[in-house]
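Asks: Residue numbers (the working numbering), protein chains in the order written: chain A, 1 to 131; chain B, 1001 to 1131; chain C, 2001 to 2131; chain D, 3001 to 3131; chain E, 4001 to 4131.
Read the hints as simulated data drawn from the structure, not as lab findings. Keep in mind that the hints are not guaranteed to be accurate.
Said to hold, decoys possible - Across the chosen pairs, the derived CB separations fall in these ranges:
1) E:Glu4062 with B:Gln1063: 29 to 37 Å
2) C:Glu2062 with A:Gly53: 51 to 59 Å
3) B:Phe1108 with C:Phe2108: 52 to 60 Å
4) D:Gly3119 with B:Gly1106: 16 to 24 Å
5) B:Glu1062 with E:Asn4052: 37 to 45 Å
6) A:Gly119 with C:Gln2063: 38 to 46 Å
7) B:Arg1018 with E:Asp4042: 30 to 38 Å
8) B:Gly1119 with D:Glu3115: 39 to 47 Å
To be verified - Straight-line Cα separation of at most 16 Å, EDC-like style, residue types lysine to aspartate or glutamate; simulated pairs:
9) E:Lys4056 with E:Glu4115
10) E:Lys4021 with D:Glu3059
11) D:Lys3021 with B:Asp1061
12) B:Lys1021 with A:Glu62
13) E:Lys4021 with D:Glu3115
14) E:Lys4021 with D:Asp3042
15) D:Lys3021 with B:Glu1115
16) C:Lys2021 with E:Asp4042
17) B:Lys1021 with A:Asp61
18) B:Lys1021 with A:Glu59
Ideal placement from N, C-alpha and C gives every residue a C-beta, glycine not left out.
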Amino acid sequence: AAPAAGDFVAASGFAPNRWVKLNVGGQIYATTIDTLVGREPDSMLARMFLQNGSMKPSERDEQGAYLIDRSPRYFEPIINYLRHGQFVCDSNISVLGVLEEARFFGIFSLVTHLEERLGQQETPLGDRPLT
Amino acid sequence: AAPAAGDFVAASGFAPNRWVKLNVGGQIYATTIDTLVGREPDSMLARMFLQNGSMKPSERDEQGAYLIDRSPRYFEPIINYLRHGQFVCDSNISVLGVLEEARFFGIFSLVTHLEERLGQQETPLGDRPLT
Amino acid sequence: AAPAAGDFVAASGFAPNRWVKLNVGGQIYATTIDTLVGREPDSMLARMFLQNGSMKPSERDEQGAYLIDRSPRYFEPIINYLRHGQFVCDSNISVLGVLEEARFFGIFSLVTHLEERLGQQETPLGDRPLT
Amino acid sequence: AAPAAGDFVAASGFAPNRWVKLNVGGQIYATTIDTLVGREPDSMLARMFLQNGSMKPSERDEQGAYLIDRSPRYFEPIINYLRHGQFVCDSNISVLGVLEEARFFGIFSLVTHLEERLGQQETPLGDRPLT
Amino acid sequence: AAPAAGDFVAASGFAPNRWVKLNVGGQIYATTIDTLVGREPDSMLARMFLQNGSMKPSERDEQGAYLIDRSPRYFEPIINYLRHGQFVCDSNISVLGVLEEARFFGIFSLVTHLEERLGQQETPLGDRPLT
């Protein structure tokens, strides 16, 4: 999906409102609806938070954060990608773990990028799929 | 154990209810009963949380999280495996540490996988069992 | 930008007041206005917190911390740079991730430094931009 | 010290009571008295928490956790060792740091094991004692 | 500075009182005044917390922790050094980052040690000072 209109607002990082909290597997992330919706309008998160989105938002925890039953560790590069459009991750992080989340959240430009990366390099032992 | 019926629901990640908190060694994990029960119906966590399970759930802390006296660090790849069926972990993480938890929680498909991995590679000094 | 007058105060680290909390992507950072303003008076953070700054501070969360929709992980070397003027980061941290934040916050002396570093070394696979 | 009677209970991980919280240098660990007492009955932690132990437990913080003025990072492999009797730690963790804690807490089987490990390998620069 | 009288008490780790909380850049550390004062009586922390010390303690946050506008990551080896007199840090941690904090806090025995270490080894790219 190409950058959409919301993208400009998300890139400012200081949008004056529309803050949401996500509880991803027990860890709290603070972000804006513009970030969740702007870069990948077809992703699961966009469909949850778009004004007339095709998905209902998930349940909220006691502090109002939307509950998502996924890995917080591998969500971090996902949300950063939605913030600025670059994939960055530390050298010890499992790219396969990030790919799994990119697929789950339906962020297809990132899925393609990560599959290419994993194809280019000798898959390390720690990154081999189980099956 | 093969994927069970609950698996489909767990894979959606946004099941509308049945959220639980686990306090693993002091760290809070948020997940769903579907995740705990669906993929490995014979595991200790499944038996604790199945409707007519063979184990009583553990005690809860002051915020209602089920207390588990185990390592939070090595539980992370365990719960991710229950979420999506892949074993992923970062390159610095001790696979022996994850194996120890997989055995404890009775997740036998993962135990087999990790034992094979540890057998294939020269066990690094940091991963040698103590005895 | 060269060190400014506020720099001396920031370097003491124990300025008797003017503490602020930043909520960067869900993680709380405690710092002083002197740190945010002193070293890089033209940066976005300085313009937000200078007494007659050209930007309005962002919204605050329920505990009064200023909300910033960016990566907490890569903000850490940024705030440390503002504290003492050195760029330090651990060997596993993605320098590209820090560069992305330095650009966003408009800390141009650091941008130049990081671009030179990334140019000097063979860009590792994990640090290649997506586009 | 050989495994004691309490060991069996600790190994179950779901003992129905006797939960304690430890505040180690600012970080909260949740565990059971069985874990603290069972595997190393002569350790400092066992002597603090045994019913007629030779040491008085330390002070408690405002949420009731026992305060311990030591490193939380290197306590983690210590408490895991008390939980299951294996020494596991990630590849980047300083073994010298863990050894320092094992000595402090008087867990002598682990001290012996770690000293052997450090003797076998070329001590890396980061692990050389200061003196 | 040689170990002082307070040293003995600090080494016990379970001093019955005089607990303090430090809020270092947003992260809470729990320690004792004996640790802060005992090993390096001339350091900034000692001068802040000695009964007739030459510095006034810094401001406190809403939970009573003393605010320090510095990096929590690189403070960790500093406080551990004050606890037991050894410098230990993980293999991925930037020694330059720790050195910067040792200088700030005026812990000169550690500064000397770290400068020697950094002089001995080829300075890695990530550890080169900015200027």
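Asks: Hints the structure violates: just list their numbers, smallest first.
Replies: The structure conflicts with hints 1, 2, 4, 7, 8, 9, 13, 14, 15 and 16, although it agrees with all the remaining ones.
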